[in-house]
Amino acid sequence: MILERAFPLRKRISGGLLLLACASFFLIPSSMLPLPNTQELLSVPGEIGHAGGRLVVSLRAEPKTLNPLSAIDAPSREVIGAMQADLIHINRGTQLTEPALAKSCKVSSDGLQYTLVLRKGLRFSDGQPLDADDVLFTMRVYLDESVHATQRDLLIVGGKPITVRKVDSSTVIFQMVKPYGAGERMFDGLTILPRHLLEKTYLEGRLGQAGGLSTPANLWAGAGPYRLKEYEAGQKLVLERNPFYWKTDVKGNTLPYLDELVFLFVPSADAQVLRFQSGETDVISRLGAENFSALARQQRTYTMTDAGPGLEYNFLFFNLNDLAAKAAPEVTSKSKWFHEVKFRQAVSAVIDRDAIVRLIYQGRGTALWGPVTPGDRRWVDASIGRPPRSPDRARALLKEAGFSWRTDGNGATELLDSDGKMVEFSILTSSSNADRTKMAALIQEDLKELGMRVQVVPLEFRSLIDRVTQTKEYDACVLGLASFDADPNSDLNVWLSSGGTHLWDPSQAHPATPWEAEIDDLMEQQLDTPKFEQRKKLYDRVQEILAEYQPMIFLASPDILTGAKNSIGNFHPAVLEPYVLWNVEQLYVRSEQVSASR
Amino acid sequence: MSFLLRRLLQAIFLLIGVSILTFLFSTLAPGNYLDEMRLNPQISAATLASLRAQYDLNRPLPFRYARWVNAVAHGELGYSFAYNGPVAPLLWIRARNTLLLTLTAMLLAWALALPLGIWSAERRGHLPDRAISLATATLMVVPELVLALGLLILAARSGWFPTGGMVSVGFAELSRWGKLRDLAMHMALPVAALVLSALPILVRHIRAAVAEELGAPFFRAATAHGIPRRKLLYRYALRAAANPMISLFGFSVGTLLSASLLVEMVMSWPGLGPLLLEAILARDLYVVIGGVLFSTIFLVCGNFLGDLLLYWADPRIRTAGGAR
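Those protein sequences? They're chains A and B, same order as listed. Just so we're aligned: 134 in the numbering used here is position 120 of the first sequence, and the numbers increase by one with no gaps anywhere. Just so we're aligned: 129 in the numbering used here is position 96 of the second sequence, and the numbers increase by one with no gaps anywhere.
Extracted from the complex, chain A is given alone in its bound form (with noise of 0.2 Å):
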């Protein structure tokens, strides 16, 4: 059976006034120059705005590359999502897949082989026709090992790189050698590149260096809706509108609507803030609590938006690292209460999940008692329990596991393990988040109304990471993992046994625990199952497997929240990256508005 979709379409076919275009082109501005006659356009919905006028945003950090082979940093990958596409985009607002390059998907019916038409007439940024060519030519690039593309782990289905073939101009082929449970979802962020520009770069081995910031504009060009204008080094990057973009809004008039989208440096959240708040930048997003409820107080010519729950799950875990064979007898012994199942849950009983969205989130969070936040709206296991907070009931878990308590010469209560001796840990949190930190004081509260001794210990951030994936000398750690993607298929490293951020364990040669191993079958056949039904049940049993044995105790995710002036039309802010600029495309500038604030 061959699948397919459906996409929304508009074909637009000029009158043919070839003469007059040629006229026109010598004699007006290339961003005002009409788009091919032939071109398939993309309309999307929305409210209709108005071309002209320009967008200034504040990046927490200068963007390191325009390269999407080797952007690993948010500012990069902000950036370079106004200025690339993709043949299917996952919309941020729906998080469904919908057509961008790709007119049309056709998945065979072993789910085997993905069959993407182009739509006609594409170009990029300076007006080079895009065609299967380029497709070919990215996929080549991406799996190439010696680019060492970020992309390419991604093209690896069963083990095997994705094949890719071209039929005509417009269709390529993909062929696995197993069904991608996540489908067309693969081909979201996997832009095209312009092989007219970069082949040559990537015959002589330098694709991976292309792209720095100081590229000349005429020298870079993609299809998003942006191109490059101007960087100046530590101050600003400037995009203008590509004039060969390929969607239209519901009237037929082409997009992307602003000028120009201006991205300024500034190293601070804080200071971030401040140009927001004297209107020197239009939107704002990735904001704490405290300083969104600060802007919100003032809000006049501006409006705050709490987009609802992220995808950002921050969770406490011990380590569970076989560490027998050399570790000294204090080791040992925590670790056989970190091991013990109760031991977790009874910490997770206790603390007050509640306490940690109010007085951390100020109320603009949600507790979590599985990683699947709400804002994750299909894949969260809504049959997962929400235990209420139980000193008692983790009192009786410890007691169960041979724990037993007595009294200081303070009058203050210890916990003691079977062996008589006191449990004390520490908890490692990175210091330059303070959410976190602030967590883990609410967690050794909360621990030591059952006799736990806790220090918290704040460890600059590339430290905490090389003590708890390198060597491994840590008792617990508050940490944050954010899904890239509202699919399971993201966190798949995460919840494989062997998989390099399986944070308590990582990279097992087997599965240590029959619980472990089950979660590893589970998400080896999600991972080929095409139909969203059996795998979200799969997924599912995944989520209550974690629950129970509670190998990371997850304790909150934090809204995304956002703000624009009320002058920008069409800002509807998503919890999927990039939170306010994934439709920067319809994105606009209120006439009205602009002359009464001047």
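Be careful, since some hints might not be right.
[As the list claims (entries may be wrong)] Pair ranges (Cβ atoms, derived): (1) Asn105/A to Ile49/B: 55 to 63 Å; (2) Gly192/B to Ala65/A: 24 to 32 Å; (3) Ala65/A to Ile49/B: 58 to 66 Å; (4) Tyr267/B to Asn232/A: 35 to 43 Å; (5) Pro122/B to Ala65/A: 34 to 42 Å; (6) Glu487/A to Phe284/B: 37 to 45 Å; (7) Leu207/B to Asn232/A: 22 to 30 Å.
[What the hints assert, rightly or not] Derived, one-sided and incomplete: chain A residues facing chain B with beta-carbon distance under 8 Å: (8) Asp167; (9) Leu168; (10) Leu169; (11) Arg300; (12) Asp480; (13) Leu541; (14) Asp542; (15) Phe546.
These are computed hints drawn from the structure, not numbers from a lab. We treat Cβ as the ideally placed atom computed from N, Cα and C, and that holds for glycine.
Go by the hints and put chain B onto chain A.
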């Protein structure tokens, strides 16, 4: 001349020492540039291993140091992992912005400190001296960070000044005069923060140096000869008190690249500060080493300049240097 030659040799050894120590400490710090990628579930262990090899992170330290020295000999300063490009251009552009800020601040601070210090010394014990002492003491106890934040709050509340950055978004569209005005408005607060934090030390040193000369026998003799007060102060007393001031001036020049790092961070000034802080946190090794080396070169040059000026101004040093 041997005095200057000795100073020059010391400077070269200092630079070599600083580069080795920076290399050593940067490498000894736990974690490396790729660590953050370890928390990215999208990136496999195999990809991380190949990146480690690409960046030479699994090579021994002496090998990496030798490679870096070779790069320095070729006019580069190594390779930035984060920017995927050479370090030197990254540092040059930002150093220029930093120098614009610090040079302006330094000149302004000296231009204010000299008359204030002399006036305070001349009227020591009287109201102006006490007022200046009180003001400088107050400024001295206020940390630079608080000063910068206070000025920033003033800018945000009043709207008189921009709240950060070096120029406005529409800078390119302004007239020449408009551009100058825009730049001056953006520089006003960071320069004010730097001047206010440097002023107390300068004023106090100048006051002390001049006050000492005002009690000297030659000054009393000159006063008795009826030489006008202003001429006495600026021509004779100031010249006699020049030595400590020259040393202080050399130090001011030496710290031009490093004095403003904190203010740059707070005021979003696109200088070396934000780049270096980010590089330190990201373990972008060669950017950190390059930044430290840049600052050390300035410090060495500043001190060298101070020595040169002292050599020129004070014959005792020339004699003593020759005698050694």
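Hints breached by this structure: Going through the list in order, the structure violates hints 4, 10, 11, 13, 14 and 15 and respects the others.
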